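A.B. asks: Take the given structure of chain A and dock chain B to it, following the hints.
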Amino acid sequence: MQKITEFLAGLLFGMGLLLSGMSDPGKVLGFLDLFGTWDPSLALVMGGAILVGIFAFTVAKKRTTNFLGGALHLPKANQIDRRLVIGALLFGAGWGLAGFCPGPGLVSMFSGQPKAFAFVLAMVIGMLLYEAADRFIHQPRARQAATR
Amino acid sequence: MTIDWAHFTPWASLLGGVVLGLASAIFILFNGRILGISGILGGLMSPRLGDIGWRISFFLGMAAAPTVFAWWAPAGFLSAPRIDASYGLIVIAGLLVGLGTRYGSGCTSGHGVCGLSRLSPRSLVATLTFMGAGFATVFAVRHLF
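Read top to bottom, the protein sequences are chains A and B. Counting along the first sequence from 1, when you hit position 17 you're at 26 in my numbering, and nothing is skipped either side. Counting along the second sequence from 1, when you hit position 58 you're at 73 in my numbering, and nothing is skipped either side.
Pulled out of the complex, with its shape left as it was, chain A reads as follows:
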C-alpha cells in the first residue's frame, strides 16, 4: 500500500507540473520577468497548491502517525540562518538562469528533453558537491563541537 501511495504522489506531482505549465522554462521565466511582459500563471500554481496543502498539514500536525500507521516526519528545523539564505540565493539564481527548478527539470527529462537531461545531470553534480563539502568542511567542525 505504501509503495502505491508513494508512486501515486510522484505521478500526480509530475502531472500537476505538466498541467500547470511549471515544466515549461519559458513560462517560468515569464513569471520571473516582473519588469518585462509578465505571465502571472505561476502565482496561481502556488495559490492552488497551498490551498490544498494548508488543509493537509493542519490534519498532519494533529497526528503522530500517518494514515497507514507509519511514522510522520514533520520538519523540526526552524532556524533562519546563513545556510538557509545563501542556499536559497544560489538556488534562485540558478532557477532564474534557465527556468528549471528540481521538479520541472526531472519531469522535463522524463518527457525526453535533452536539455533537461543536461540540467538534471548538472544538478546531481551540484548535490554531490554539497555532500562533499558537508563531509569535509561542515562535519569535522560539528564533530569537534560535539566533543567539547
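Since the hints were made in silico from the structure, they are not lab data. What you are looking at is a predicted structure, and each value in this text was computed from that prediction instead of being measured. The beta carbon of each residue, even a glycine, is placed where N, CA and C say it ideally should be. There's no promise every hint is true.
Said to hold, decoys possible - Computed from the model, here is a short list of chain B residues facing chain A with C-beta under 10 angstroms:
hint	residue
1	23
2	24
3	43
4	90
5	91
6	95
7	113
8	116
9	118
10	119
11	121
What the hints assert, rightly or not - Partial chain B-side listing against chain A, Cβ under 8 angstroms, derived:
hint	residue
12	30
13	40
14	48
15	73
16	75
17	89
18	93
19	117
20	145
21	147
C.D. replies: Here is chain B on its own, set in the frame of chain A:
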C-alpha cells in the same frame, strides 16, 4: 509592468496547482513525508539502508507522468516547452540549483508548497529569498545585459 495575456493560463495553472497540492497531501498523510524534490533526490546522494525504496517509488511515479498525462490531455494541449538557455547556461544553472537547494534544505516544492502550507517562517524566508533571487537574475539577464 505589462501582463503577458498571450501566455497567461489561469485555469490550467490553478488546477495544476491543486494537483500539486493533492500530491503533497497524499505524501504527508499516507507516507508521512514532506514532498520536496531536492530533498527526495538529495537523499540518494548519500544513500542509507532502508531509506532508498520510497524515494525510488516516488520517482518512478514521476517518470510515468508524461505518458499518463498524454493519455488524458487533449491533443496539442501541451505546447513544446521553451528551453531557450544554451547548454553552457543550463549546466551552470543545474550546478547552482543542486548546490543551493541542498545548502538551503529545499526548493519550490519543499519550502514553497509544503513549507508555506505548514506556515513555517523558515520556509517563508527561503521562498521569498529564492523568488527574489530569481526575479533579480531574470531582470539582470533580460534587461541589464
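A.B. asks: If a hint holds in the structure, say so; if it doesn't, say that too.
C.D. replies: Each hint, compared with the structure:
no.	hint	verdict
1	23	6 angstroms, holds
2	24	5 angstroms, holds
3	43	5 angstroms, holds
4	90	15 angstroms, violated
5	91	14 angstroms, violated
6	95	8 angstroms, holds
7	113	2 angstroms, holds
8	116	5 angstroms, holds
9	118	3 angstroms, holds
10	119	2 angstroms, holds
11	121	8 angstroms, holds
12	30	6 angstroms, holds
13	40	3 angstroms, holds
14	48	6 angstroms, holds
15	73	4 angstroms, holds
16	75	6 angstroms, holds
17	89	12 angstroms, violated
18	93	6 angstroms, holds
19	117	4 angstroms, holds
20	145	4 angstroms, holds
21	147	7 angstroms, holds
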